[in-house]
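K.L.:
These are the residues of each chain, in order.
There are 2 protein chains.
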Amino acid sequence: MTEDSILSKLRRHSRFIGDDCAIVRPRANEDLLFTTDFSIESVHFTRDQKAADIGYRALARSLSDIAAMGGRPRYCLVSLALAPWTDTRWIDAFYSGLLKLAGSTGTALAGGDLSHSGQLTIDVMVCGSIARGKALRRSGAKAGDTIYVSGPLGGWTHKPLIVPRLDLGRKLAGKAHSCMDISDGLALDLHRLCRESGVAADIETVPLLPGASVEQALHDGEDYELLYTAAEQVPGIPIGSIRKGRAGALTFAGKRLQPRGYDHTQHSS
Amino acid sequence: MTEDSILSKLRRHSRFIGDDCAIVRPRANEDLLFTTDFSIESVHFTRDQKAADIGYRALARSLSDIAAMGGRPRYCLVSLALAPWTDTRWIDAFYSGLLKLAGSTGTALAGGDLSHSGQLTIDVMVCGSIARGKALRRSGAKAGDTIYVSGPLGGWTHKPLIVPRLDLGRKLAGKAHSCMDISDGLALDLHRLCRESGVAADIETVPLLPGASVEQALHDGEDYELLYTAAEQVPGIPIGSIRKGRAGALTFAGKRLQPRGYDHTQHSS
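Respectively, the protein sequence lines represent chains A and B. Just so you know, we're using my numbering here: the first sequence kicks off at 1 and counts up by one. Just so you know, we're using my numbering here: the second sequence kicks off at 1001 and counts up by one.
What the hints contain is simulated information worked out from the structure, not anything from laboratory work. One or more hints might be untrue.
[As the list claims (entries may be wrong)] Which chain B residues face chain A? A few, computed with CB under 7 Å, are given here:
1. S1005
2. L1007
3. R1025
4. D1065
5. P1084
6. T1086
7. D1087
8. W1090
9. D1123
10. M1180
11. P1207
12. G1211
[Said to hold, decoys possible] To spell it out: a stretch of chain B is covered by chain A in this simulated footprint if at least three of its residues, at any positions, have a beta carbon under 8 Å from a beta carbon of chain A; those stretches are:
13. 1032 to 1045
14. 1133 to 1140
Beta carbons are placed, not taken as given, at the ideal position from N, Cα and C, and that holds for glycine.
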């Protein structure tokens, strides 16, 4: 298994790979959206998980960011640093899982990088598009807005499959005042949204995944549901409201809530 | 040092970081170019190298790809998985080196991702732009073209500093028939260019960096000079010519040359 043999396989799935860069021709009157997400062995997944699921999830995490902006995914770059234990079968299954989700969401594989490392490391960049000036931002929440989430919460231990909320995100564009995806826990991510918007928030209730605790729903990471605020009624589960106050201040059920959540830079060992 | 404290620092250097995606507004009549390159501890650098040099080099590798297409860099996404040994001082120095090169080449820091890993891992995505349809490709080499390189070769052991050939790349756009950067060794990369173009090549001479052997110049990686072919005279060092023949076949000084080079997927241990 050599670099060129892997690239030859991938070219069957991509009309782009072959030059130093992927070439993208923008359409008129659109903005482009870029996001990139690591998936690292022993941090985001373990090697005993199915390779196809790891590939699916690596792309899904970036697609969730495109959904949070109200965008439509167009291209992805997939960078892969192989570990000593990865073999041809693993690589094939990884790309099959990733390309299945790419196909169902209209995301073309446009390139990437190949390397090696002690821990299997994946970085997926997605380029999406949206009508000019229509991207959903974190910074637009207004006092009086209702706060919504797109589904029940509880963190990664209760949610094996990420479903990027692309359809919902597109519906919210032009309606919601603010939006982001919940990747590091509701409390920390809502704190960030409120800080960007210069507002405070009161959470009244949180919808729970089966088996999840309120603590997990508030502070665990990897939910990948959308968190958004709107003055008009929009699809989703209302959980509270935005008010004037110290930027980023939160309450839950009337009590002050600490913005604790998952910190990606911290080693757990 | 928390994720949010690192992001707060970076926001001083970027008007983008803060949403789930960076938003890029394309200009009329341009194509966009995307490339991504890993820089991994013990593979692309060692931890005893200066953090500022590691940051500079991580961006320079991707800028070299933009140069190879004749483009102008516009934005970068910098993904960083911190190792247990990296501290605040290291991170500051890393970004200072990277941002210095970003500033001097007009590349705006637009976002990225933060995580952690056993080996320090960096992935830099660069988005560049070029007039519509003018990107230099690998696939345009024609029999009779002169083959050029942009500087003397010899691989990473003889070249501590990468200078992305952005000015030269832009001059070659519209003049050269084909172009790529030499990252995996002249022989392997010229083989790839010829394969894409359906032609063969004869190398007559290779310009050497001080102290480098012909073997290193042909088969060592990490040169980051441009390799290009043109029918008209263009700036650079002529090293041979393109001819009809089996796609990808090479000779050096009249003898058959194997397309050996650096393979990024192979563990050296």
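K.L.:
Any hints from earlier that this structure breaks? Give me their numbers in increasing order, please.
P.N.:
Hints 1, 2, 6, 7, 8, 11, 12 are the ones this structure does not satisfy, whereas the remaining hints hold.
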